[in-house]
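With chain A fixed as given, assemble chain B onto it according to the hints.
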Amino acid sequence: MMEIINEYVFSVFFVETLLNGLLYGGVLALLSLGLNLIFGVIDVVWICYAELVMLGMYTIYFMHVRYGIPLIPSSVICVLMVALLGYVLHRIIIAHVLGKAPINQLLATGGVLFFLQSIATLMFGVEFLSLGVSLGSFQLTEDIYLSKSQFVAFIVAAAAVAGMYFFLSRSYMGAAIRAISQDREIMILMGVDANRLYGITSAIGGGLAGLAACLLALQFDVHPFVGISFGPIVFMVCVMGGLGNLVGGFIAAFVFAELIAIGGYFADLEWGTVLAFCVFVITMFIRPEGLFARKS
Amino acid sequence: MAVSRLLKGLAIGAAAIGLMASPASAQDKTIKIGVIYDYSGPLAGGGSELQALGAKTIIDYYNEQGGVEGYKIEAIYADAQSKPDIAINEAVRLIEQEKVDMLLGFYSSAQCVPVSAKVDSLKKFMWITTCISPAVLKDRGLKYVFRPQVHGGMFGELSVEFLHANAKEKFGVDPADLRIAIIHEDGPYGSGVASGNEGKAEALGMKVVLNEGYAATASDLSALVTKLKRARPDVILHTGYNPDITLFFRQAKERGLKFKALIGHGAGYGVVDQLYDALGDDVDYIFNVDPVSIWLLDPKTLKPGLAAMTDMVGQKYLVAKPDTKTKSAHVGMAASNANVFFADVLPRAIKKYGGIDSEALRKAALETDIPVGGTLLGYGVKFPAPGTTNMDGQNAIASPVVMQYVQREVKIAWPKALQTIDPVMPLPKSSPYTK
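Chains as they are written, first to last, in this note's numbering: chain A, 13 to 308; chain B, 1174 to 1608.
If you're looking for bench data, these hints aren't it; they were derived computationally from the structure. Just so you know, not all the hints are guaranteed correct.
[Stated by the list, open to error] For each label pair, taking beta carbons as the anchor points, the in silico distance ranges come out as:
id, chain 1, residue 1, chain 2, residue 2, range
1, B, T1593, A, A174, 54 to 62 Å
2, B, D1233, A, L134, 48 to 56 Å
3, A, G148, B, G1372, 33 to 41 Å
4, A, M135, B, R1266, 23 to 31 Å
5, B, N1262, A, L134, 18 to 26 Å
6, B, P1559, A, Q151, 23 to 31 Å
7, B, K1476, A, L134, 39 to 47 Å
8, B, A1338, A, T153, 53 to 61 Å
Because the structure is a prediction, the values reported are computed rather than measured. Glycine included, C-beta positions come from ideal geometry on N, C-alpha and C.
Chain B extracted, bound-state conformation:
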C-alpha cells in the first residue's frame, strides 16, 4: 500500500514536473534576431526609420500569431546611427554578445557592403530587406547573405528602358537623341544605380551628357547645378538620400535649371510626405523607381491572404505615424521582404532542415521559389544556385516599377501592364523646372 502510494506520488510529481517542463521548453524555442536599421542620423529620416517600422510590424504580427512553427521571435533592435562603422560594431555585438541566430534589416548600402562580408565570415545568416547596391553581393560569393530586394542595377536599368520606350511618343525624339544626365550620391548605393543607368544607356545607344557623383552630406550643390545647365540634359536620372535631394531641387530652382523629366531612384525619393513638405507642388510629375508601393497593387493579383496583410501593415503604419498623408513605399518594402523570411524561409528551415542554425536557414533560403503575386510587393522570389551567377544570394526575379507623383498621389507609370497613369512627360508648364 505504502509502495503504491509512493509510486502514485512519484507519478503525480513526475507529471507535475512534466507539466511545468513542457511550457518551459516551448518558451525555450526562440529564434533570436538582430534587427539593424538607422534610428538616428541623416538616414533615419531619409527612409530607414520607415523601413524599420515595416520590419517590426511583421515581427510583431508573427509573434501575435504565436510565432513560427513553435518558435517565438525575439528581436533585438539596434541603431546603426547612419554610420557604417557603427553598423559593423552592432552586427558583431549582436552576434558575439547577444548570441543572435541571424541578422535582418539594413537600409544603407554603405553599411551593407562591409557588414555582409563580416557576417558571412562569421557564418551567420543575414537577410537584407532594403539596401540595393549590387556591390553587396556581386562577385563576392557570399554563402549566408540573402537579399529578396531588387538590386540597384535593376533600378538604373529600368529608368533608362522606360525612357527608351517612351522617347518617341512623349518627347518626339529618337531615343538616341535624348540627352540624359546621371547624378548620384557617391556611395555604393548611388554608384550602383548610376552604373545600371550608364550600362543600359550604352547598350541602348542613348546619349549620356553628364555623369557625376557627389557626397550625400554636401552642403552646396550649386556647382553641380551649373554643370547641368551647361550640359543641357532633357532628362535627369538622380539617385540620392536626403537632405541632398531637397537641397538639389532648391538650388536647381533658384539657379534656373530646366529639364523635361526627372527620375529618382528610391531612398529619399520614396519618402513622399517629406518631399512635398519641403518642396510643395514642385514635386508633382517627378518619377521614382522603386519596388512598387504595396498599397498600389491590385489585391486580386496577389496570393489569397496577402491583401489582408497589406491592410494590416497600413493600419499599423498609421497608428505609428498618425500624421502620414501619403503612405511611403519604404514601410511596405521592408514588411514584404521580412514577411518572405517568416512565411516561407523560416518554416522550411525548421520543418525540413530541423532548426534555425545558419546552415538550415541557408538551405531553406536557396529553395525559395515564390511565384509572381506571392509577396506583398507582387514580385516573386528565387535565389540562384550558388556559383551560377555573379550575385549569389540575390533575388533573381525581383523587379521595380516607375512611379510618378501627382498631387501627393503615387501612380504607377511603368511597366505598362501595371500602369495606373499614362506617364506625364515632358513636365507640364505648371512645373518651375519645365524646359
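If we strip away everything but chain A, and leave its shape as in the complex, we get:
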C-alpha cells in the first residue's frame, strides 16, 4: 500500500497533475466569466456562449493567418468583434425574450447555437484550422513542464476576474450594472435605461468570450463544433459556482479542473470527468443554488 502511495502520490508526476489541473482551471475560469456576468445581470443563460468563442477563434485565425496581422492586434480585433456580436445577439434575440419563461429563453439561445454552428460550417467549411503558433513551455524540473499558453490563460483569467470585480465595485457603470442585477423593476422606475445597460453587459460578456477565444486559439484547432468540447463543462462550472457569481464560478472552475486531473491521474482519463460530475451532482443535492450562490 505504502509503495503505491509513494509511487503515485509522492511523485513528480502527481505534482505535474496538480499543476495541469490548475492551468486547465484557468481555461475554464476564463470561459465561465462572461457567461456568469451575463446571467448575473440579464438573467438569461446564453447556451450559445461557446459558439461565440468559436466565432472569436475564427476571427483571430483569419486576422493572423490569412491577413497576416500580428497576434496582439489580431487579438484586439477578435475581442472587439465578439463584443459587437454579443451586443448584436442581445438586441436581435435576447431583448425579445427578457422576462419570458426560462424554457423559451433556453430554446432561443439554443437555436442561436445551432444557427452559429451551421453558419460557420457554411462559411468556413469543416476543416480544422490552426493558428500555427506555439508559445512553448516552462521546464521546472527534469519531468515537470508548464504550458505557457495555459499559464497565460490562467493569468489572464485571474486578471479578468480582478478587473471585473473592480469595474463592478468601483465604476459608475459597474454600480449601475450591479443595481439592475439586484432589482430590474425598481431601476426602470427610477428612469434607468435598462436596455442600454443590458446591451453594455452583453458587449462586455461577448468581449470576455473574445478574450477566451484568443487564448484558446493558441491551444486548440478551430472548427465549427469546437464549442462541444467546452460548452457543457463551462455551463456546469457556472452552475456549481452559483450562476451569476463571478468569484464562485472562478473557484468552481479550479475545483472542477482539479477533480478531472486527479481522477484522470489515478484511474483512466474518463474517470476524472466521472468524478467531477459525481461531485457536481452531490453539490446540486446539497446546495442546489451552487456552492457560492448569492443570497436572494
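Okay, now just chain B, sitting in the frame of chain A:
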C-alpha cells in the same frame, strides 16, 4: 382501303408509343442508393468529407459512363452530422421514405455498429466503404452488410508486427524489451484497433506499459500525457480522430513527452494536410497504418484500367479541393471500395441474379473474388461463406500498410515488398519528441 389505312395508322401509333415507351423504361431502370457520411460535425473535417468525395467521384464516373448494366445510379446523399443517432435516423429515412435499394458509405464506427444491425433487420443491403471497427461485424451474423475495407483488428495487429520485425535492427533491443503504450479514443473504432494492438503484442510477447482510452471530444489530455511520461514508453500506438490527435501532440510537446516512434491508425492520421497545417514539421517521421494511399501504388501492379481510374479520382479530388498539398488516403479508400461495388458486385447481381434487390446483391457480393491487384487499393476482395468465420461480410484478404510522413510526403514503410522508404526509427534529433 380504309381498313388498311386504319391498320397502318394503328401500327404507326403503336410504334410511336413504343418509341416513347422504350426510353421511358430505360430511365426507369435506376438503382437508388442512400449515401451516408458526415458532412458536418467534428468527423467531417476528420476525414469523412474526404471519404464522401471519393465515393461521389465514383458514382458520378459510372453515371457519366451511362450507368451499370443499363441502371442509372440515383444517389441520395445524407449527412450523419457526426452523431450515431442521426446516422440511424437518416438510414431509416432513406430506406422507408426515400425507398432506396441499398445504403453505401459510413465513416464512423460508432455509427456503423448500430446502423448495420438496423439495416440488416430491415433486410436492406449495406456496403461499408470506411468504418473499420471489428465490432460492426464480429459475432453478429449479419446477412446483408458487407465491408471490403480492412478491419480495425488488422490495423492494430500490423503496427505491432511492424515493431516486432524492426525492434532489433532499428532500436537495438529485443522485441520483448520494447516498451509499448497504447492510447485510443474510446469508441468502437479506437477500442477495436487497440484490442488488435494488445492481442498481437501479447501473442508476440511484447511489453505493453500503458493501455488507455479517452473521449475523442476531450478538451484536455494533459493527464494522459503525464501518465505516458510516467510509463516511459519507447513507442506509442495511437488511434484517434481529430482534433484529439493535434491536441495530444501539442500537449505532449508542451509537457516534454519523449518517445522513439509513434504509430497512428487511420482517421485523423490520414488527413496529412491538416496534420502539417496544425503541427508543422513535428509531423515528420510519424507513422500511419491505413489502406495504402492509391496514389502511392505502382500502376504496373494493378489490373489494366485501374491506373487510369486512380488518375481520374486524383484529378477530381484536386478540382474539388484545389488547396490540397498532399492527397489524403481517405479519398482513394472510399473510391476504391465504392468501385468494387459498381465494377464487380452490381453487374453480377443484375446479370446473374436478375436485379438489384437485397437478395441479388447479397448473392453477388458473396461471390466476389477479386485477386490482389484487382482494386485501386491493391488488395483483393473476398467475403467468407456465411458462418465460416466470426465476421460474416468482412473482406478476408484486405490488408493495410504502414506509411511514414516525411516532409509532407507519404512513404510506404511496411510491408517490405511495398516499401518506398526504409522506416526512419527512432525519431531523428530534429523531432521535438526525440527520446
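Hint by hint, here is what the structure shows:
1. B:T1593 <-> A:A174: 54 to 62 Å: holds (58 Å)
2. B:D1233 <-> A:L134: 48 to 56 Å: With a Cβ separation near 23 Å, B:D1233 and A:L134 fall outside 48 to 56 Å, so the hint is violated.
3. A:G148 <-> B:G1372: 33 to 41 Å: Given about 39 Å between the Cβ atoms, the range holds.
4. A:M135 <-> B:R1266: 23 to 31 Å: Taking Cβ atoms as reference, A:M135 and B:R1266 lie about 27 Å apart, which means the hint holds.
5. B:N1262 <-> A:L134: 18 to 26 Å: For B:N1262 and A:L134 the Cβ distance comes to about 22 Å; the hint holds.
6. B:P1559 <-> A:Q151: 23 to 31 Å: Since the Cβ atoms of B:P1559 and A:Q151 sit about 59 Å apart, the hinted range of 23 to 31 Å is violated.
7. B:K1476 <-> A:L134: 39 to 47 Å: For A:L134 against B:K1476, whose Cβ atoms are near 41 Å apart, the range 39 to 47 Å holds.
8. B:A1338 <-> A:T153: 53 to 61 Å: Given a distance of about 37 Å, which is not inside 53 to 61 Å, the answer is violated.
Consistency note: the structure conflicts with the earlier hints numbered 2, 6, 8.
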